[in-house]
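Protein chains: 2
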Amino acid sequence: MARERQLSRRSILGGAAATGLAGVALTGTTASAASAAREAREADVAVVGGGLAGLTAARDLVAAGRSVVVLEARDRVGGRVVNLKLANGGFTEGGGEFIGPTQDRIKALADSLGVATFATYNTGKNLLYKDGTRTPYATDGLLGSVPPIDVAGLANAAAVQALLDDMATKVPVDAPWTAAKAEEWDRQTFETWLRANAVIPSAKFLFDVACTSIFSAQPRELSLLHVLFYIAAAGNASTPGTLERLTETAAGAQENRFVGGSQQVPIKLAATLGDRVVLGAPVRSITLSGSKYLVAADGITVTARRVVVALPPPLAARITYDPLLPADRDQLSQRLPMGSIGKAIAVYDTPFWRADGLNGQVVSDTGIVRSTFDNSPPDASYGALMGFIEADEMRAFDASSVDEVKAAVLKDYALYFGDKAKSPTSFVLQRWDNEGFSRGGPVAYAPPGVLTEYGPALRRPAGGIHWAGTETSTYWNGYMDGAVRSGERVAKEVLAAL
Amino acid sequence: MARERQLSRRSILGGAAATGLAGVALTGTTASAASAAREAREADVAVVGGGLAGLTAARDLVAAGRSVVVLEARDRVGGRVVNLKLANGGFTEGGGEFIGPTQDRIKALADSLGVATFATYNTGKNLLYKDGTRTPYATDGLLGSVPPIDVAGLANAAAVQALLDDMATKVPVDAPWTAAKAEEWDRQTFETWLRANAVIPSAKFLFDVACTSIFSAQPRELSLLHVLFYIAAAGNASTPGTLERLTETAAGAQENRFVGGSQQVPIKLAATLGDRVVLGAPVRSITLSGSKYLVAADGITVTARRVVVALPPPLAARITYDPLLPADRDQLSQRLPMGSIGKAIAVYDTPFWRADGLNGQVVSDTGIVRSTFDNSPPDASYGALMGFIEADEMRAFDASSVDEVKAAVLKDYALYFGDKAKSPTSFVLQRWDNEGFSRGGPVAYAPPGVLTEYGPALRRPAGGIHWAGTETSTYWNGYMDGAVRSGERVAKEVLAAL
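Protein chains in written order, with the numbering used here: chain A, 1 to 498; chain B, 1 to 498.
Because the hints were derived from the structure by calculation, they are not lab data.
With a cut-off of at most 27 Å between alpha-carbon atoms, the simulated DSSO-like pairs for lysine-lysine come out as follows:
(1) K204(B) with K130(B)
(2) K130(B) with K422(B)
(3) K181(A) with K204(B)
(4) K204(A) with K181(A)
(5) K411(A) with K85(A)
(6) K130(B) with K181(A)
(7) K406(A) with K420(A)
(8) K422(A) with K130(A)
(9) K181(B) with K130(A)
(10) K107(B) with K85(B)
(11) K406(A) with K130(A)
(12) K181(B) with K204(A)
Chain A on its own, in the form it takes in the complex (with noise of 0.2 Å):
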């Protein structure tokens, strides 16, 4: 039964979506097969999710000789990260997929698992499409990339953030409740900030794409003190973060990619772990027996000392816990929604708009599609065009069908790059609302009024209960790095506990 469950090639790829890129080869049945029994295993320690953050927590907590299960929902690992497979033989990256400097932790995983990582493209001119006119513009320049804009709005824009990233460091990020106007920042939406600061149109402008971009949620549901906290998270003990680092390519958040995409990382993670890793056993419950818990899954259960739960919070909230979590626990987990989220890839013989003097990358105020990168492999042997759908637009399609979605994306990359767009060899949708062990994404958010009253809940393990994920990191929150810094945080916490 054991063997039956193990790491598989076939299962940590996934079904139809799945790429042939895995470095490791264990044999294994699908998850569907394995729930119909249920299988008993004894460890030090239970980590409930198989993304970063729990794969890193089961790697630390194995090189400190501590036994581990992995019990990972879904037929493949890496959570919100995922090669996607394409028709052409490539693949394409559904979830996080880029790195950037100060995100040490991520690129120390990855170095130390061999995977490497390249530039994103960005060579050529950005493009700016607002009020039905389509801008190239130079991101070398003086500005950096600022959008074309008129001259009050940029001026307007540069002081606001300047202003944001001030405001910035004054939240510490191991406890952003404790700034000293935390009550202020927190009791109002970062749209109210906005329009109090932001007063010129094209600046408001730029702020909310900024916003859908970074969040996938509109400046309407965050938090202020939220939006500063996560400035200042981007960055690293000795670099301050700034928003600059959130948005930009070149020097920011977007800057490189994985070689063979970002999904290796995990799933060469994991393949150390071998079948510690156990796929197809989303968790049900979580029950404290005597002193040891009982970690119940669809077709297996581990009883384990310290559990690590390794989710979101608003599907951690979805287990059933006994002894119930505490009140100031459970209510957060009610209060941090998901983002809404999707990335649309379209496929071409050749990355066409390189030819043109483009990067491929879009600011737009209008359709689907409001902001693109070049998804091009490294040797460009055919291109590849990513979309992200966010928020109000991701919302607006949850619920329609892929052509409809395809239909509508390429509409917007046929204004942006030209008529040529409308026809990619193939083209693949990777909506995280409906993936029902995500529910949104990339990341769950602060609404007003959350992080004042609930924010010392976020890491505070509840009796033996340990809690990770990228949500529970102070650098990087919400990006992959943050996953893999929460994930060695909870590992020393869960060893001195033990």
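Position chain B relative to chain A; hints supplied.
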């Protein structure tokens, strides 16, 4: 087996917290005995949740000749409505207890079950406790029950109240997101709006107290649009809602109480349903199999053509659905958190404050309890002071011992009513945040950006799954009356679909 899970006098009334007032006398066992085995039933409709919404739906479905099974997680019916036993043989109410004008549907239901009402004690003066000063004030003057604050504050408060009521008339209760100014009102917190309008501190104080009293949430947590909707909903089809009807005792939502306690209504309603109501049966999954749903609870699975989920949205999200719920419904349920609420009832030999000319109602700016009511029985055979513990105050005490809460409550009661209040004969505490099948109360509320984006998903059925619960009601949303209305509405919806 079926007999073993029937409604029982013992299980309806719960364990230690039970009152012995039920008019029903059926036999049965406790929930825990039943959960070890798995029973199977078939019905036209499975109802999830045995609160007023689910029971009302079941009543109407049965009346139309349909077969129904109601699955209730607790070992009693009533949900957020519960009678609590007192040491002196009496009882008090731990959840919803009041009924007022325009709450026609709970009134009709209570009438049909022979549950009478009586006037909430409201003779004598209210108390304002503010800035360390205790000021009795009359409730029958020109100003109604407006506390004695400075004239500028009163004028400001009156203007703000009139403005809120006027804005509320612009919010359609069946679709707040269609209000002409829905976007403007949904992009800001109630706190932001109050700071711009309730500019006199004493006026702001009154609205803060009103807000926490109504929603058990702070103004910074709520969307302005949600507040306006809630005001609009405090009426019926012929009587527009007003803020005053939410806050007042005389002619307001706190005007009357139920003889025998509010739980008499669901208890007697459940009795008419007999063994259709199954207690101790928390539903874990709802799975479509062919044209029928398998509704799996601990110990019992019901196969049904239609399902009514009559739970608060954040709890409905904890059920595993197959097929998955539509994204908008799932994300809605991530975005409607429960308020934070407790009730503290101190019992005395007599309602001694009445002799001091006080009606037992306090509005305070300090302490754990900031609003109180005289909860003595109609014959005043003993005295009971009930205090609400709400929002920030409840959260601060969610993890405290009952003794710690009791000490804090009695300190407040002594400030308000004198030293006699320090020595109750008994003390009862109900903390809804700590209840596994509530995790907060009295109702789920909408932060900014939720109603405009997700409102339509509140009542839209997902295949054969229909939604009830007070959160889905157009009138008296959040109240017992709204729960009954939602049950009546959903029964019609299901009957039309069957």
